[in-house]
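Colleague: My request is simple: use the sequences and hints to build the entire structure.
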Amino acid sequence: MPIPQENLEKAIRDVIPITHLQIIDQSNGCGENYAIFVVSDAFEGKTTLARHRFINEILKTEIALMHAFSQKTLTPKQWEAQQAKEAAETTVAAS
Amino acid sequence: MLRTAFRASQLQRGALRTPLLQPSSFALARRFLSQDTRAKIQDAVSSTPVVLFMKGTPDAPQCGFSRATVQILDIQGVPAEKLRTFNVLEDAELRTAIKEFSEWPTIPQVYINGEFVGGCDIILGMHQSGELETLLEKHGIIPPVEADAKEASAAA
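Order-wise, the sequence lines are chains A and B. Under the working numbering, the first residue of the first sequence is numbered 1, with each subsequent residue one higher. Under the working numbering, the first residue of the second sequence is numbered 1001, with each subsequent residue one higher.
Check the hints yourself; a few may be wrong.
[What the hints assert, rightly or not] Cβ-to-Cβ under 10 Å is the rule here; a few derived chain A residues that face chain B:
| # | residue |
| --- | --- |
| 1 | Thr48 |
| 2 | Leu49 |
| 3 | His52 |
| 4 | Arg53 |
| 5 | Glu57 |
| 6 | Ile63 |
| 7 | Ala64 |
| 8 | Met66 |
| 9 | Ala68 |
| 10 | Ser70 |
| 11 | Lys72 |
| 12 | Thr73 |
To be clear, the hints were calculated from the coordinates, so they are not data collected in a lab. We put the beta carbon where it would ideally sit given N, CA and C, even for glycine.
Modeller: So, in structure tokens, the structure goes:
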């Protein structure tokens, strides 16, 4: 049963403040295989395991219906650091 | 009148969809996990330093996430005698029960010294950051790199 992407997005936005949210449908159309990338202040001070458990709980019903689900969870600070690192790598690669 | 009532009840059902579904599916999963099953899984996760619940076998993984996890444990140098894998595709009861036991909705799942570490995303992240190596060293599953280096320099 396909799960609309909007459902996932709404479920997450309803519960935590979002800095950045990217939901990628990796299913080639069946809508049962999602990868999500969440950046939120709510993850501050929490381990990756705790963050993932938190998202798993929010999307419990939807994940149970999916074939595959993967996630990445960062705090806004970590995301900034990651972007800075990627930018630096791109500059090096370009020069 | 009837139509209005119908519409109202539909709306209500729509609004309540998620809260209604959650407790019932939770109760269902709880009921499936008997004391006996829980004890068996507890034994299984404590039986070897590293325990992996996966789809397929290390030689023939049946899912990309399980394959990636096996490969990471291999790259980390986890010795075969310290790793035990369970193929959930061969055991429908285990497949359901392990999700409830770990309170984790997906397979694969990795346990280190009886403690749940995570699924593929977490293992991959820990592998990339170096945390996985540190954790495996701490539990004596792989030899510490520093000790190797010291031995090598002492020998030389």
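Colleague: Indicate, hint by hint, whether the structure satisfies it.
Modeller: So, going through the hints one by one against the coordinates:
no. : hint  : result
1   : Thr48 : holds, 6 Å
2   : Leu49 : holds, 6 Å
3   : His52 : holds, 6 Å
4   : Arg53 : holds, 7 Å
5   : Glu57 : holds, 9 Å
6   : Ile63 : holds, 5 Å
7   : Ala64 : holds, 6 Å
8   : Met66 : holds, 9 Å
9   : Ala68 : holds, 7 Å
10  : Ser70 : holds, 5 Å
11  : Lys72 : holds, 7 Å
12  : Thr73 : holds, 9 Å
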